[in-house]
Amino acid sequence: MLVTIYRVIKFAWQGFWRNFWLSLVTVSIIALASLTVNALLALNVVADSAVTSLEQKIDVSIYFDPVVDTPKVKEVQDYLGKLSQVTAITLVTADDAMKEFRQRHARDAAILETLEELGDNPLGATLVVTAQHPSDYPEIIQVLNHSPYRDLVSDENYKDHQRTINEIRLIADRINQAGIAISALFVLIATLIVFNTIRVAIYTHRDEIGIMKLVGASNAFITAPFVLEGVLYALCATGLAVAVTFPLLNAVQPYLQDFFTGVPLDLAGYFRENFVAIFGSQLLGMSALNMVGSVFAVRRYLKV
Amino acid sequence: MIIFRNVSKIYFPERTVALANVSFEVLAGEFISIVGKSGTGKTTLVKILTAEERASEGQVVVGGWDITHIRSREVPYLRRQIGVVFQDYKLLQKKTVFENVAFAMQVIGARPSRIRKIVPEVLKIVGLADKHDRFPRHLSGGEQQRVAIARALAHGPKILVADEPTGNLDTATSQEIIELLLKINQIGTTVLFVSHDEGRVNQIRRRVLVLDQGTLTSDEAVGRYRLS
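Chains as they are written, first to last, in my numbering: chain A, 1 to 304; chain B, 1 to 228.
Don't take each hint at face value.
Said to hold, decoys possible - What follows is a set of in silico ranges between Cβ atoms, one per label pair, in the way DEER data are often shown:
1. A:V304 with B:T16: 19 to 27 Å
2. A:L185 with B:Y11: 40 to 48 Å
3. B:I70 with A:V3: 22 to 30 Å
4. B:R116 with A:W13: 17 to 25 Å
5. B:D212 with A:F20: 45 to 53 Å
6. B:A221 with A:F296: 48 to 56 Å
Quick caveat, the hints were computed from the structure, so don't treat them as lab data.
Predicted model only: the values in this text are computed from it and were never measured.
We put the beta carbon where it would ideally sit given N, CA and C, even for glycine.
Excised from the complex, chain A in its bound form (with noise of 0.2 Å):
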């Protein structure tokens, strides 16, 4: 048992280094074909980034009635600030909020006039609120309807951000929907050049096999070596497509950041940090494609 394993791993090893171009060109399109995918995984990984970040700028903001003392509106901070749907929650006392309204009025003397006639502060506390995400909005809102801070409340925003947040739900969903569509479409049209690039690989061989099968080989001592050598396209694709990923990366990232100015963005970063998960999940798939498309391409020719 142990020599037929020494002789499958040496007839594979074998048909590879024999067989160089075709291995090359074999390995090659198995690797053009995972970098297909990681370029996919790539513009998704910025697509998300980009809504992620739109989403981030996304907030609400909950007006206090003037009398309602800065303790009680920290008191209703700390009660939204609980709940795991927000993410930041930050107060603008009366006196702030006045601040930034002289600020944004500065060169309006009429309204400065105005606020000098009324002399109290007319503006109460805003809490402005972020959530995980923009369809937590409504459930927050809700949450601070049914609570007993309901009445110190005299306003909030969310019914006049309320088409922007749903547009911007919607247009992330669609991106992500797309993202998905495509990619499976990308791995289906992968998986058949890899199961085709195979097919080929072995039809070179179809003579060999047939002569083997006339010298009394078994199938499976026929198909084992090529099943093996399957695998090793699979480790020289991945190994090429890391070594063409991660420079490739470096060398759009500056442009992308560019481009997305103010999103957060990393592409090499998430491949380092996913690096087991993105190539090994790679080299597998590729793997077992590799040996189905292997037994099933020699299996017709074994015919003899």
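Chain A is fixed; fit chain B onto it per the hints.
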């Protein structure tokens, strides 16, 4: 050693009769020439013997094993009992001379130490001991045919089938191959020499079976082959 009993082979859908009711028996240690013009069923007979084809009718026995209805998974075991030499050599082009010969032993699971002992011996018999590390493309036609014979002998088969082994070779090289086959027969291997070459067959002066349009027309112990 080999029994063909009323064997017929018909190819469908054209209903081409390649062999019709052929019967003969080959004894152990015999050297037998199977002759006939092209398309008379010689290669079909060899293919039935190596289970590349199945007989449509009749019975085929090889070394006491009835292979008439042999199962696919049993075919490799049959082929390991028979050494076959083909007109087009059928060598593995990406393997060296040594590896081609060793392959026939590797498929039967021979130990590496035995392969290292036997292969040089067989290569010496066919006169290629000094070319063991060459690839087939670096050899002449005659040398390639010698490698094919060495491969057919390596696993020690009791039967050697040579299907038109001199078909692609010049006169001198053909003569060398015939002498090699006779030498192999002398050491006890049953040899089936399939040919359409009148001169070669008549020169051997051994048993001759003549096939004509799929029918066995002559079986002489020291026969001659006459082109009609």
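Comparing the hints with the structure gives:
1. At roughly 21 Å, the beta-carbon separation of V304 of chain A and T16 of chain B lies within the given 19 to 27 Å, and the hint holds.
2. The beta-carbon spacing between L185 of chain A and Y11 of chain B, approximately 47 Å, falls within the hinted interval of 40 to 48 Å.
3. At about 27 Å, the CB distance of I70 of chain B to V3 of chain A agrees with the hint of 22 to 30 Å.
4. Between R116 of chain B and W13 of chain A the beta carbon distance is about 19 Å. The supplied range of 17 to 25 Å therefore holds.
5. Take D212 of chain B and F20 of chain A: their Cβ atoms lie about 50 Å apart, and the range 45 to 53 Å holds.
6. Checked against the hint of 48 to 56 Å, the pair A221 of chain B and F296 of chain A passes, with Cβ atoms roughly 51 Å apart.
The structure agrees with every numbered hint stated previously.
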